[in-house]
Structure formats: C-alpha cells, structure tokens
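Chemist: Listed below are the residues making up each chain.
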Amino acid sequence: MLTAAENELLTQTGPGTPVGELLRRYWHAVAPAADLTREPVRPVRLLGEDLTLFRTENGGFGLIGDRCAHRAISLAYGIPQANGLRCAYHGWTYDPDGHVVDMPFEAACLPLKIKAYPVEQLGGLLFAYLGPPPAPLLPRWDLLVRDDMNKTITPTLLPCNWLQCMDNSLDPAHFEHLHGVYGNYVMKKLGKPPMLHPGRHVKIDFEVFEYGIYKRRLLEGQAEDTPDWTVGHPILFPNILAQGNSDRMSFQFRVPVDDTHTMDCIVDAVRPKDGEPLWDTPVVRDDPLMYDETGRILATYINRQDEMAWVGQGSITDRTIEHLVTSDKGILLYRRVLQENVERVQRGEDPLGVVRDAAKNFPMIQIRRGSQYEGFRGGVPEGQWGGFQTAVVSA
Amino acid sequence: MLTAAENELLTQTGPGTPVGELLRRYWHAVAPAADLTREPVRPVRLLGEDLTLFRTENGGFGLIGDRCAHRAISLAYGIPQANGLRCAYHGWTYDPDGHVVDMPFEAACLPLKIKAYPVEQLGGLLFAYLGPPPAPLLPRWDLLVRDDMNKTITPTLLPCNWLQCMDNSLDPAHFEHLHGVYGNYVMKKLGKPPMLHPGRHVKIDFEVFEYGIYKRRLLEGQAEDTPDWTVGHPILFPNILAQGNSDRMSFQFRVPVDDTHTMDCIVDAVRPKDGEPLWDTPVVRDDPLMYDETGRILATYINRQDEMAWVGQGSITDRTIEHLVTSDKGILLYRRVLQENVERVQRGEDPLGVVRDAAKNFPMIQIRRGSQYEGFRGGVPEGQWGGFQTAVVSA
Amino acid sequence: MLTAAENELLTQTGPGTPVGELLRRYWHAVAPAADLTREPVRPVRLLGEDLTLFRTENGGFGLIGDRCAHRAISLAYGIPQANGLRCAYHGWTYDPDGHVVDMPFEAACLPLKIKAYPVEQLGGLLFAYLGPPPAPLLPRWDLLVRDDMNKTITPTLLPCNWLQCMDNSLDPAHFEHLHGVYGNYVMKKLGKPPMLHPGRHVKIDFEVFEYGIYKRRLLEGQAEDTPDWTVGHPILFPNILAQGNSDRMSFQFRVPVDDTHTMDCIVDAVRPKDGEPLWDTPVVRDDPLMYDETGRILATYINRQDEMAWVGQGSITDRTIEHLVTSDKGILLYRRVLQENVERVQRGEDPLGVVRDAAKNFPMIQIRRGSQYEGFRGGVPEGQWGGFQTAVVSA
Chain F
0 MLTAAENELL TQTGPGTPVG ELLRRYWHAV APAADLTREP VRPVRLLGED LTLFRTENGG
60 FGLIGDRCAH RAISLAYGIP QANGLRCAYH GWTYDPDGHV VDMPFEAACL PLKIKAYPVE
120 QLGGLLFAYL GPPPAPLLPR WDLLVRDDMN KTITPTLLPC NWLQCMDNSL DPAHFEHLHG
180 VYGNYVMKKL GKPPMLHPGR HVKIDFEVFE YGIYKRRLLE GQAEDTPDWT VGHPILFPNI
240 LAQGNSDRMS FQFRVPVDDT HTMDCIVDAV RPKDGEPLWD TPVVRDDPLM YDETGRILAT
300 YINRQDEMAW VGQGSITDRT IEHLVTSDKG ILLYRRVLQE NVERVQRGED PLGVVRDAAK
360 NFPMIQIRRG SQYEGFRGGV PEGQWGGFQT AVVSA
Chain R
0 MLTAAENELL TQTGPGTPVG ELLRRYWHAV APAADLTREP VRPVRLLGED LTLFRTENGG
60 FGLIGDRCAH RAISLAYGIP QANGLRCAYH GWTYDPDGHV VDMPFEAACL PLKIKAYPVE
120 QLGGLLFAYL GPPPAPLLPR WDLLVRDDMN KTITPTLLPC NWLQCMDNSL DPAHFEHLHG
180 VYGNYVMKKL GKPPMLHPGR HVKIDFEVFE YGIYKRRLLE GQAEDTPDWT VGHPILFPNI
240 LAQGNSDRMS FQFRVPVDDT HTMDCIVDAV RPKDGEPLWD TPVVRDDPLM YDETGRILAT
300 YINRQDEMAW VGQGSITDRT IEHLVTSDKG ILLYRRVLQE NVERVQRGED PLGVVRDAAK
360 NFPMIQIRRG SQYEGFRGGV PEGQWGGFQT AVVSA
Chain C
0 MLTAAENELL TQTGPGTPVG ELLRRYWHAV APAADLTREP VRPVRLLGED LTLFRTENGG
60 FGLIGDRCAH RAISLAYGIP QANGLRCAYH GWTYDPDGHV VDMPFEAACL PLKIKAYPVE
120 QLGGLLFAYL GPPPAPLLPR WDLLVRDDMN KTITPTLLPC NWLQCMDNSL DPAHFEHLHG
180 VYGNYVMKKL GKPPMLHPGR HVKIDFEVFE YGIYKRRLLE GQAEDTPDWT VGHPILFPNI
240 LAQGNSDRMS FQFRVPVDDT HTMDCIVDAV RPKDGEPLWD TPVVRDDPLM YDETGRILAT
300 YINRQDEMAW VGQGSITDRT IEHLVTSDKG ILLYRRVLQE NVERVQRGED PLGVVRDAAK
360 NFPMIQIRRG SQYEGFRGGV PEGQWGGFQT AVVSA
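These protein sequences, in sequence, are chains F, R and C. Numbering that gives the first Met the number 0 numbers the first residue of the first sequence as 0 and each following residue consecutively. Numbering that gives the first Met the number 0 numbers the first residue of the second sequence as 0 and each following residue consecutively. Numbering that gives the first Met the number 0 numbers the first residue of the third sequence as 0 and each following residue consecutively.
No lab work stands behind these hints, which were simulated from the structure alone. All values derive from a computational prediction rather than experimental measurement. Hints should not be assumed to be uniformly reliable.
It does not matter which identical chain is used: a pair holds within one copy or between any two.
To be verified - Below, computed lysine-lysine pairings styled on DSBU-like, alpha-carbon distance capped at 35 angstroms:
| hint | residue 1 | residue 2 |
| --- | --- | --- |
| 1 | Lys-188 | Lys-328 |
| 2 | Lys-359 | Lys-187 |
| 3 | Lys-202 | Lys-188 |
| 4 | Lys-328 | Lys-272 |
| 5 | Lys-359 | Lys-191 |
| 6 | Lys-359 | Lys-188 |
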C-alpha cells in the first residue's frame with residue numbers, strides 16, 4: 000500500500016518528474032518502421048511529449064517537436080525532404096536535429112531550433128531516446144538482432160499507466176488465475192475447451208541481474224530442475240518483458256505514452272520449422288482493444304487478458320487501497336529497484352541496464368530464457384493453448 | 000426560483016449529502032433480474048457509488064464495491080461462485096457481505112472486507128439498499144407482486160439529474176402541452192394523426208398520504224366525480240410514479256445513478272384479456288434515447304416526451320432562473336416534503352413511506368389509482384393514442 | 000510573438016471581453032435560411048452564447064435565449080407559431096423580441112422577457128446582431144445582393160479559434176506553399192497531377208480602406224500592372240474574406256461560435272455562362288472535416304487546406320511560441336487594427352466598417368476585387384486547378 004504521493008511519484012512520466020527522468024535514460028520503441036514506409040509522417044506522443052516522427056526521402060528518420068516555430072501549425076502535416084521535414088504552411092524546413100534550414104520567403108534563415116531526439120531502427124522497430132546527451136547505445140537485444148526468425152509486431156494503445164503493466168510482470172502468481180481460471184471461464188462462455196491448465200504455484204523467486212530482474216516459478220508437479228525454476232525469464236529494466244526460449248520468444252515493450260496511456264508493443268519471433276520460409280520483414284498487426292456492452296474488455300488470449308487486467312485497474316490505479324501479500328514480493332522488489340535507480344539518475348549516474356559498452360552490445364545481447372509455461376500446458380487440447388485472437392495484419 | 004446553494008442541496012445524491020442520505024433510506028431498482036441471467040456480473044453505478052452487481056452460481060445476488068482489495072482491479076471481471084464472486088486477477092473471492100473468503104496463493108485468508116449492500120428480487124427487478132442497517136422492508140407494491148399481469152421492463156439511462164423527473168411528475172399541467180400540443184406537432188411532422196386531445200386543465204390538486212403524494216386533475220368537460228379528480232394517481236416518495244388502473248398500470252422508478260444521470264426504469268403491467276396467455280416472466284426492452292441532427296431527442300410517445308423534457312432542462316437544471324407559477328404548486332409541495340424528510344433523517348427518524356411493518360407489507364401494498372387520462376383521449380384515432388415507439392425486446 | 004495575456008485578449012469572444020464586444024458591433028452569418036425551411040427551430044451557438052434560432056409560421060425569423068423562463072427546458076424543442084416560438088413543455092410563447100406573450104395555464108401572462116437578438120435575411124443567409132442597440136445596417140455586400148449569379152453556401156464547423164482564420168487571410172505568402180507545394184504533395188499521394196503552380200512571391204502589400212484591409216501580391220513573372228498587385232482583394236473587417244472577380248466571387252465568413260470553435264461559412268457565386276440556367280435559390284452543401292487514421296484533416300482543395308492549417312494550429316494557437324517574419328507583416332497590421340477598434344468601441348465609437356448610412360448601403364456595397372491567382376495557374380492541367388472536393392448537397 001502506497002501513499003497518494005508515493006503513487007504519484009512512481010506513475011508520473013513527464014519531463015522533470017523523478018521517474019520521467021529515469022525513463023528518459025533508456026531508448027523506447029516508438030513505432031514499427033513499416034508504419035513510416037506506409038505514411039512517412041506521424042504524430043506521436045511519448046512520455047507526455049507531443050512529437051512528430053518522420054522518414055526523410057533518403058530513408059533516414061527524425062523525431063522533432065509537434066509545432067512549427069513560425070506559427071505553431073502541427074508538423075504532422077509536414078512534407079518529407081531529403082534533408083528533413085518541410086512544414087505544410089510556409090515551407091520552413093527542419094533537419095533531424097530540429098534546426099530550421101530553410102525559410103522560403105525570407106532573405107535569410109533565422110537561427111531557430113525546435114526540440115529533436117535521436118531515432119534508431121532495429122528489428123523492424125524505431126527507437127527514440129528522449130534523455131540528455133550523450134545517448135547510450137541502443138541495446139541490441141537478441142530478439143531484435145536475430146535474422147533467423149519470423150517476427151510479428153503488435154502495438155496496442157492502452158488507456159492506463161505503464162506501471163500497472165510492470166506490476167503484472169513481477170507477479171508470476173497471476174498467471175495461474177488470470178489466464179488459467181479466468182481464461183477458462185471466458186472459453187467456457189464461448190463454448191470452447193479450456194485454454195490453460197491452472198497449475199498451482201509452489202514457490203516464486205526473483206533476482207536482480209545486469210539488465211533487470213529474473214522471475215522464476217515452480218508449479219505443483221514440476222521437478223526443481225525445470226527451466227521455469229532454474230532459469231525463469233527476465234524483466235529488462237525498466238519496461239520490457241522477455242519471454243520464451245531460443246526457438247520462440249517475445250518482447251513486450253510497455254512504452255509510456257503519457258501518465259494515463261501506454262503503448263504495449265509486442266514482438267513475437269518464431270524460428271521457422273524445416274521447410275517454412277523466412278519472412279523478408281516483420282509483419283505489423285492491428286489488434287485494438289474491443290469492449291462488450293458493459294464496457295469490459297474482450298479477452299480471449301493471454302496477452303489480451305494481461306492488458307485487460309492493467310486497464311481494469313483504472314487509468315492510474317489507486318495504490319492507496321491495495322493490500323500486497325506474499326505473492327506480490329516481486330512488485331515490492333521492482334518498486335525498490337525503481338526507487339534506487341531514480342536516485343542513481345539524481346546522482347548523475349547511469350541507471351540499471353543502460354548500455355554504453357559496444358563490446359557488450361555487439362553482435363547482440365543474449366538473454367537467457369527458460370520459461371516454457373510447461374506446468375500450464377498439461378491436459379489442454381492441442382491448438383487451444385493460450386486461447387485465440389483474431390487480429391488484422393495491416394502491413 | 001431557488002438559490003444556487005438550494006439547488007445544489009436538492010440535487011446532490013452522493014454519500015454524506017443531505018438528499019443523498021435521505022435517498023439511502025429507500026430500496027432502489029438497480030437492474031432487471033433477467034439481465035443477470037444473461038450476464039451474471041455487471042458494473043453498476045447508484046447514488047454516485049461504483050459497484051459490482053452479481054448473481055452467484057446458486058442464484059443469489061450480491062452488490063459489492065467495484066475494486067478488489069488486493070490490487071484494485073475492477074470486480075466487473077469477476078467469476079460467479081456458489082458463495083460469491085471470485086476476482087479475475089488472483090482469485091480473491093468475496094461473499095455477498097463483501098468479506099474476502101478465499102486468497103488462493105496465501106497461507107491464510109486475511110480478514111478483509113469491502114463495501115457491500117443487500118439486494119432483493121421482486122417482480123422481475125433487483126432492488127438494493129445503500130443506507131445504514133437495519134434495512135427497512137422492500138415495499139411489496141401491488142404492481143410488483145401481482146401475478147395476474149404481463150409485465151414489461153424498460154430501463155433507460157438519461158443524462159440528467161433525478162429531480163427533474165420528479166418536478167415533472169408533480170406538474171400535471173405539462174400533460175396538456177408536452178403530450179398534447181407538442182406530441183401532436185411531432186406526429187404532424189411525421190405525417191401521422193394526433194396522439195392526444197390537449198384537454199384544458201380546469202384545476203389541479205395534491206395530497207400527502209402514507210407513501211407519498213396523490214395528484215389529481217380536472218379537465219374541461221369532465222364531471223367532478225371522474226376518478227381523475229376524485230382519486231388521481233400517486234408519486235410514491237421519493238422517486239416512483241404510479242399510474243393506471245387495476246387492469247393496466249405502470250411504475251416509473253427514477254433511480255439516481257449519480258448527480259447527472261438517472262436510470263428511468265419503467266414497468267408496465269397489463270392484465271391479459273380473455274384467452275390471452277400470461278407470460279412466464281417479465282419482458283425486458285431496450286429503448287435508448289435517439290437524437291436528431293441538431294442534438295434533440297426524438298420523442299414519439301408519452302414517456303419519451305417526458306424523458307425529453309427532463310434531459311432538455313440540462314444536466315442539472317438551473318433553478319436559479321426558473322419562474323414557478325400556479326401550475327407548479329405541486330413542485331413546491333414536493334420540495335417542502337423533500338426538505339422535511341431530509342430533516343427527519345437528520346433527526347434519526349424514518350422518512351415518509353419507509354416500510355418496517357410486515358403486516359402492512361404482506362401480501363402487498365395496494366395503491367389506489369384513478370387516473371385514466373380520459374380527458375385526453377377524446378377524438379384521437381384508435382391505436383394512435385399516446386404516439387408510438389419502436390423498442391427492441393432484448394430478454 | 001505575443002504574451003499569453005495578449006493572446007487571450009485577442010482570442011476571447013464572449014460577452015464582456017474586449018474583442019467579444021468589438022465583434023458584437025457587426026452582423027454575423029448564423030445559418031443558411033434554407034436550413035430553417037427544412038427544420039424551423041435550431042439550437043445555435045454564437046460568440047459563446049447559446050441561442051435558439053427559429054422561423055415563425057409567417058416566415059419571420061427570431062433568435063432568442065436557449066432556455067424557457069419557466070423551468071429552463073431547451074427552447075430548441077419549441078413549436079413555431081405565427082407570432083413566435085411556443086415552448087414544448089407548458090406552451091409559454093416568446094415573440095422574436097424575447098417577450099413571453101402566452102402562458103396557457105395562468106390567469107395572466109407575467110411580464111417576463113428573455114434574451115433576444117435581431118435577425119435579417121440576405122442572399123440566402125440569416126444574419127444576427129448581438130450588440131447594443133441601435134443595430135447598424137446589415138451591409139448589403141455585392142455578392143449577397145446580386146441576383147445574376149448562382150450561389151453555393153458551405154458552412155463547416157471548425158474546432159479552432161476564429162483568429163487563426165484571420166491570421167491566414169492576412170498572410171498571402173502561405174498560398175504558394177500550403178496550396179502549391181503541400182497541395183501538390185497531397186495530389187501526388189493520390190496519384191493526381193499538380194493542383195497549383197507554386198509561383199514565388201516577389202512582394203506583398205496591405206492597405207486599410209473603409210471596410211477593412213486590401214491585400215496584394217506580385218509573383219515572379221507577373222508585370223506590376225496585374226490586378227493581383229494593383230487591386231488585390233480585401234478582408235472585410237473583422238472576419239470576412241472576399242475573393243474573385245465580377246464573374247466569380249466568394250465570401251468566407253469566419254463566424255466565432257465560441258473561443259474554440261468557428262463556423263467557416265463559404266459563399267461561392269458564379270455568373271452562369273451563356274445558356275446556363277440561373278438557380279432559384281442558393282444551394283447549401285454539407286462538407287464536414289474528414290480525418291485520416293493519424294487524426295489529420297484530409298485536405299484536397301484550397302479552402303480545406305486553409306481550414307486544415309487553422310485547425311492544425313490547435314484549439315487556440317499558442318502565439319507565445321510564434322516567430323513572425325517579413326511575410327507576416329499583414330498579420331501585424333491586422334492585430335494593430337483589431338486593437339485600435341477595440342479601443343474605439345471602448346470609447347463608444349463605431350468601429351471600422353460598420354454601416355449606418357443607407358445611401359452607401361443601397362442598392363449594394365460594391366467591393367473591388369482583382370485577385371485572379373493567375374500566377375498560380377501556369378502549367379496546371381485544366382480541371383485540376385485548386386484540387387477537388389466531394390461534398391454533399393443537402394438543401
């Protein structure tokens with residue numbers, strides 16, 4: 000249970016807020032690169048800042064403020080140039096550093112500059128860094144770098160604070176109930192067989208490592224040498240959940256749009272089986288939240304059930320009324336790590352997991368994953384495990 | 000004309016407000032029971048409180064707070080159990096008294112309790128009592144108890160304060176104009192014959208009785224022994240309008256959802272004519288407000304015209320600009336009764352119409368009704384009286 | 000660049016605000032008259048005031064407050080009478096001066112009056128005057144009076160402050176870029192040829208005259224005797240843009256609905272060519288803003304591109320971050336004229352362009368127009384000039 004002030008501190012993401020400043024020390028997924036191929040200029044909102052993401056005619060990327068310095072029209076109407084973005088209204092042109100480099104009607108170009116942030120592309124995603132220079136390296140996580148897997152990117156906008164997603168990831172026990180018992184209840188109402196065996200948790204554990212926190216679980220009937228318990232899978236600090244194994248893995252980037260919205264950007268990667276083709280490029284899927292007549296989210300598969308739980312806690316959940324119990328010990332650990340790293344940033348140090356050593360970053364950062372969810376698979380019909388979704392492939 | 004402070008006092012319904020506390024001394028219709036058969040867990044809002052209404056596997060009902068005590072997820076995602084409602088996230092289970100009776104992952108169940116209110120079923124409706132114990136008896140109004148009538152329940156959410164509905168019910172004269180003149184204007188625009196004879200009111204009168212206020216009217220051409228004048232029909236204090244006669248009657252429950260929303264729950268009951276079947280169960284109809292291109296409510300029948308007038312007065316109507324005249328004397332009486340009963344509650348007494356005497360309540364409370372609207376029927380084509388509606392039967 | 004206080008002063012339109020009081024010295028277009036033929040009672044909002052516009056059974060017009068003096072129901076539900084508007088609820092009737100002239104249930108009609116403003120019809124439009132009496136003459140602008148032209152009226156509600164429209168009209172240079180470069184970019188994305196030659200501006204100039212401000216431009220390749228430079232075209236103070244020539248002309252009335260909404264009411268008039276019929280009455284078109292998946296306005300023709308720019312500056316644009324340059328000198332002039340006329344009104348004088356001399360007003364006020372946009376037409380395919388629209392004719 001937190002005080003209202005503590006809850007506010009942990010959930011504010013804007014410039015100058017303690018956690019907002021911590022989050023600004025990391026690169027954040029801002030959009031699938033393919034979205035910019037389809038439409039090269041897009042308004043985006045990230046950490047409470049309104050910005051314009053664009054792809055130049057040369058294929059470079061830029062992320063600059065949302066308003067022209069001239070008369071404040073939205074730069075989302077801008078026209079991509081070889082060297083930047085030209086405003087629709089009077090043609091003032093911005094390079095990716097935010098400098099005005101052309102004022103068509105003026106004798107000379109005034110030395111104006113607007114907000115600009117670096118953008119890098121990796122694994123089909125564009126990442127942005129909104130913190131102070133020098134920017135750290137964009138972490139070359141294995142899933143993003145590996146070229147032997149077929150990847151699917153599903154970004155979903157959620158009307159809730161990012162920390163609710165993280166509370167969930169540090170809480171292994173919910174799996175048994177939210178996906179087991181509730182998931183099976185949803186299936187039953189739809190006339191389908193169970194989607195999960197709600198295996199009982201015997202114990203859970205957590206460990207801080209170089210890039211975040213490993214979580215581990217042991218279920219009834221599992222031997223202690225199961226990778227679920229010996230390895231587990233990590234939360235890459237501060238806001239990425241990594242799951243799977245070397246043949247099938249996923250990342251969930253929980254990107255704070257602002258204090259009350261989060262972009263849950265899920266990347267699934269699967270190694271093609273023998274004979275299956277390797278895709279040229281990641282597929283982008285559109286799978287927005289859907290609601291029933293009473294305003295409840297329809298949640299027919301694991302990820303959507305998690306998103307349902309986060310949104311179901313409210314816009315910014317009221318942690319002054321929560322009652323944390325033994326199953327929440329990972330949440331307490333995460334909050335402590337969050338607080339410690341807020342203080343590190345306030346002391347001018349790099350926080351947990353920031354990468355500046357190219358030797359560690361190349362060719363990629365391998366993440367051990369051992370979570371197979373095997374204890375949840377027993378007795379579930381083939382093809383029904385994890386429920387079902389009906390998303391639309393849009394790019 | 001009221002002061003702003005007086006208007007605020009009369010229209011606030013939340014916990015701790017004077018009228019809110021008065022309203023909490025009565026049972027309120029919260030949903031048709033059939034809605035819970037279709038979907039057993041529903042988020043509801045009543046008197047400004049967000050709650051979760053549910054039907055257990057055993058067919059009992061509960062009304063508890065909207066947030067799990069664990070980590071504040073909405074209990075609207077809960078799963079009905081034999082003994083209560085199980086939270087979707089981690090399985091904490093609440094009995095209908097709000098006690099946590101199961102915490103699946105914990106060694107022992109902590110002694111936690113959330114808000115809970117009693118629920119009773121009568122006449123196809125669920126009623127809730129949000130006041131202090133001991134709860135009074137749920138009044139066994141004749142329309143709810145009688146089993147020789149076919150009943151239709153139409154709940155409609157209105158974006159306005161409940162008191163606007165009551166102002167209307169204490170104001171007989173509006174009938175002549177809103178349903179007569181305006182109703183006929185609507186019919187004319189639709190190419191239909193008149194829906195009502197706009198009979199002129201000669202006099203109106205009101206009388207406080209054990210359960211509320213009787214209103215009576217005499218129209219031009221009517222003899223003084225007409226039941227419209229000798230009996231009239233009552234407003235059951237504080238928020239029910241009762242109409243009709245012993246063969247065809249209706250109730251309108253104007254349930255305050257919050258200060259700016261009211262659920263107008265209309266129950267129509269008709270005694271089947273010779274040979275007509277008696278229905279097994281009330282029919283629930285869905286008939287939401289519809290709007291034209293200018294934002295005005297489409298009002299083609301009597302009840303909808305009343306709802307139009309209430310909503311047309313604004314979210315909370317500004318009574319500082321009203322000019323009450325002789326036709327509004329019932330409104331002044333109602334406000335006085337409201338104020339007197341606010342004071343009764345503040346003195347610790349039961350307010351008007353609260354039922355605690357089982358002898359009076361069983362087998363039912365008979366309500367005399369004598370209003371036939373006969374003066375409004377003259378010369379109106381058969382089948383056109385009262386306009387027409389096109390609602391959808393949903394259960 | 001303005002201070003926040005200066006920007007607030009220039010953009011506030013409500014009663015009692017400095018610019019709001021200035022705007023109240025002019026007649027404003029409030030609706031096409033044909034709209035009232037179709038539906039004779041309409042809620043309208045003008046200069047931040049909620050009002051009811053109606054057409055009596057006799058064909059007269061009225062503009063009165065939005066609430067009945069009795070119990071505050073919306074008068075938008077009123078029923079037109081020969082002498083005014085009858086309230087739907089109890090039949091209180093208002094004449095066009097706002098006096099209550101009938102109270103059906105009362106022995107005598109109380110001497111009540113609500114807000115009322117004069118309305119006049121000209122050229123297919125209804126105009127209202129919200130200022131103090133005596134009202135000036137409704138200006139008989141040539142386009143409104145001439146009966147040898149076919150007229151089209153397109154009112155579009157915009158979610159932005161009116162002053163952004165005026166900034167645009169005093170800024171000739173935007174034409175080259177917004178309609179030339181950006182317009183051609185939009186065409187290219189749609190697979191269409193260019194809609195405009197983006198002719199370079201050599202010089203721009205402005206001149207205050209009896210009714211407002213003339214603006215003039217000279218483009219590369221144009222001789223100094225071009226009417227674009229010798230005549231130009233005017234902004235009729237404070238909020239009308241007049242364009243065209245004697246065979247084809249248009250007005251844009253930028254009517255402040257409130258501080259954050261503007262009705263852009265465009266009237267196009269074309270003299271029929273030999274053999275073409277002359278229409279009986281203006282055509283009213285419905286052409287609301289449309290948005291793409293990223294929330295940007297679809298702008299495929301000149302007027303819509305202007306509207307896009309105004310809305311693209313935000314609800315009330317932040318002029319504290321603007322950087323005005325040489326191309327903005329007309330904007331500075333307009334703001335000075337606006338300020339001067341605010342002061343005139345504060346001294347009790349008539350502001351610029353108010354018409355009280357019938358000799359000047361009859362038969363009409365001829366406006367010289369010399370802007371042909373000829374410098375923008377070179378090399379553009381016939382039929383493609385100015386882009387394309389797909390609006391719906393609704394009356």
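Chemist: Look at each hint and say if it fits the structure.
Modeler: Here is what the structure says about each hint:
1. For a Cα distance limit of 35 angstroms, the shortest separation of Lys-188 from Lys-328 inside one copy, 33 angstroms, qualifies, whereas the shortest one across copies, 54 angstroms, does not.
2. In the homo-oligomer, the alpha carbons of Lys-359 and Lys-187 never lie at most 35 angstroms apart, since the shortest distance is 48 angstroms inside one protomer and 46 angstroms across protomers.
3. Within a single copy, Lys-202 and Lys-188 get their C-alpha atoms as close as 31 angstroms, which meets the 35 angstroms cut-off; across copies the closest is 58 angstroms, which misses it.
4. Within a single copy, Lys-328 and Lys-272 get their C-alpha atoms no closer than 39 angstroms, and across copies no closer than 67 angstroms, so neither meets the 35 angstroms cut-off.
5. For the identical chains of this complex, Lys-359 and Lys-191 are neighbours neither inside a copy (47 angstroms) nor across copies (51 angstroms), given an alpha-carbon limit of 35 angstroms.
6. Taking identical chains as interchangeable, the C-alpha atoms of Lys-359 and Lys-188 are never at most 35 angstroms apart, the minima being 49 angstroms within one chain and 44 angstroms between chains.
Going down the numbered hints, you'll see the structure goes against 2, 4, 5 and 6, while the others check out.
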